[in-house]
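*Asks:* Spelled out, the chains give:
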Amino acid sequence: MTEIIVVTSGKGGVGKTTTSASLACGLARYGKKVAVIDFDVGLRNLDLIMGCERRVVYDFVNVIQGEASLRQALIKDKRFETLHVLAASQTRDKDALTKEGVQKVLDDLAADGFDYIVCDSPAGIEKGAFLAMYFADQAVVVVNPEVSSVRDSDRILGLLASKTRRAENGERVKEHLLLTRYSPARVDAGEMLSIGDVEEVLGLKTVGVIPESPDVLNASNKGEPVILDLESPAGQAYDDAVARLMGETRPMRFTQLEKKGFFSKLFGG
Amino acid sequence: MGLFDFLRAKKNTASIAKDRLRIIIAQERSALGGHDYLPLLRRELLEVIRKYVNVDVDAVRVDLVKDGEHDVLDISVALPDQRASAA
Numbered sequence: 001m002t003e004i005i006v007v008t009s010g011k012g013g014v015g016k017t018t019t020s021a022s023l024a025c026g027l028a029r030y031g032k033k034v035a036v037i038d039f040d041v042g043l044r045n046l047d048l049i050m051g052c053e054r055r056v057v058y059d060f061v062n063v064i065q066g067e068a069s070l071r072q073a074l075i076k077d078k079r080f081e082t083l084h085v086l087a088a089s090q091t092r093d094k095d096a097l098t099k100e101g102v103q104k105v106l107d108d109l110a111a112d113g114f115d116y117i118v119c120d121s122p123a124g125i126e127k128g129a130f131l132a133m134y135f136a137d138q139a140v141v142v143v144n145p146e147v148s149s150v151r152d153s154d155r156i157l158g159l160l161a162s163k164t165r166r167a168e169n170g171e172r173v174k175e176h177l178l179l180t181r182y183s184p185a186r187v188d189a190g191e192m193l194s195i196g197d198v199e200e201v202l203g204l205k206t207v208g209v210i211p212e213s214p215d216v217l218n219a220s221n222k223g224e225p226v227i228l229d230l231e232s233p234a235g236q237a238y239d240d241a242v243a244r245l246m247g248e249t250r251p252m253r254f255t256q257l258e259k260k261g262f263f264s265k266l267f268g269g
Numbered sequence: 001m002g003l004f005d006f007l008r009a010k011k012n013t014a015s016i017a018k019d020r021l022r023i024i025i026a027q028e029r030s031a032l033g034g035h036d037y038l039p040l041l042r043r044e045l046l047e048v049i050r051k052y053v054n055v056d057v058d059a060v061r062v063d064l065v066k067d068g069e070h071d072v073l074d075i076s077v078a079l080p081d082q083r084a085s086a087a
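First to last, the protein sequences are chains Y and L. Per the numbering used here, residue 1 is the first one in the first sequence, and the count goes up by one each step. Per the numbering used here, residue 1 is the first one in the second sequence, and the count goes up by one each step.
Only chain Y is shown next, with the shape it has when bound in the complex (with noise of 0.2 Å):
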């Protein structure tokens, strides 16, 4: 069975791309057979942010207008034997995608026995986006804890529930929150929404939490997702989320305000 997951917001620069390749790694490093499609056609960024930028040939438009093959357009990445890279045209516009040619991409991939397809969606609520949630079974919408993220990710949750595959059919996506630049001390000092403030107003549950954190700017440079630097928080938090997106459960990391000393305390430093 493959599961299609589509990584949405909304809003851009909420770090939808970071996430993909993450939750990609991630599911690899699992021993998952992922595919992780970039579906933001003229602006393409998930070969960078996977740092295979050097080694696309083909793209997903070339596939899908029959001038590659999908084994020829597929990256295989460095790191993990079983995770593949299907990069977006950076010359073609968006509605060089069609929903009969992803169709056909997404069917394909499934008949080669891949368990997971992580789809990238580009920001807005137009064509490539569209195209991005319309095929998944589940989706995970990135939260910034900021108003205007967390409007658009309503609106997301709307069309998730009313202009999908599964929607037509009566059924529905498998939603999940997924909270990114996420800062305890500036909910602690009641700056930011919490965790509980996201999920009340959107009335959906949570399935990770990434503080905010240098590392994810560090791993871009590099061309390495963050989740990969299980040193790092946000590393570790990405990893949690993989976990519970296969079903395992775990606690809530780095979302609590570390203690600090009887000084600061006092002083309110």
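Because the hints were derived from the structure by calculation, they are not lab data. Every residue gets a Cβ at the ideal spot worked out from N, C-alpha and C, and that includes glycine. Each hint should be verified, as a subset may be incorrect.
A short list of chain L residues far from chain Y (calculated; beta carbon distances all over 10 Å) [said to hold, decoys possible]:
no., residue
1, Ala17
2, Glu28
3, Ile49
4, Arg61
Pairs of lysine-lysine, DSS-like flavour, derived with a Cα cap of 27 Å [unchecked claim]:
no., chain 1, residue 1, chain 2, residue 2
5, Y, Lys104, Y, Lys127
6, Y, Lys78, Y, Lys174
7, L, Lys18, Y, Lys11
8, Y, Lys205, L, Lys18
9, Y, Lys222, Y, Lys11
10, Y, Lys78, Y, Lys222
11, Y, Lys222, Y, Lys127
12, Y, Lys11, L, Lys51
13, Y, Lys174, Y, Lys163
14, L, Lys18, Y, Lys174
15, Y, Lys76, Y, Lys99
16, Y, Lys32, Y, Lys76
Given chain Y's structure and the hints, the job is docking chain L onto it.
*Replies:* Below, chain L without anything else, positioned relative to chain Y:
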């Protein structure tokens, strides 16, 4: 919470954010949402209508429209052109 914290002006912006979001999202859901069942309703209507009339897949339109205080379920079915189907 420090001993001298009361000296700083306190404003909990997170709770303002939460209140604003609650209101706007409830509004937007009632304007757009609550229509999770519409695609399914549309499909089932189409199946029933097709038992009697041979209509196109896109012949049935189901929308939820706001009319003053009431929500109106607006269903329209485009029947095929008589002459075209007779020909």
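*Asks:* In ascending order, which of the hints set out earlier in this document are inconsistent with the structure?
*Replies:* 1, 2, 6, 11 and 12
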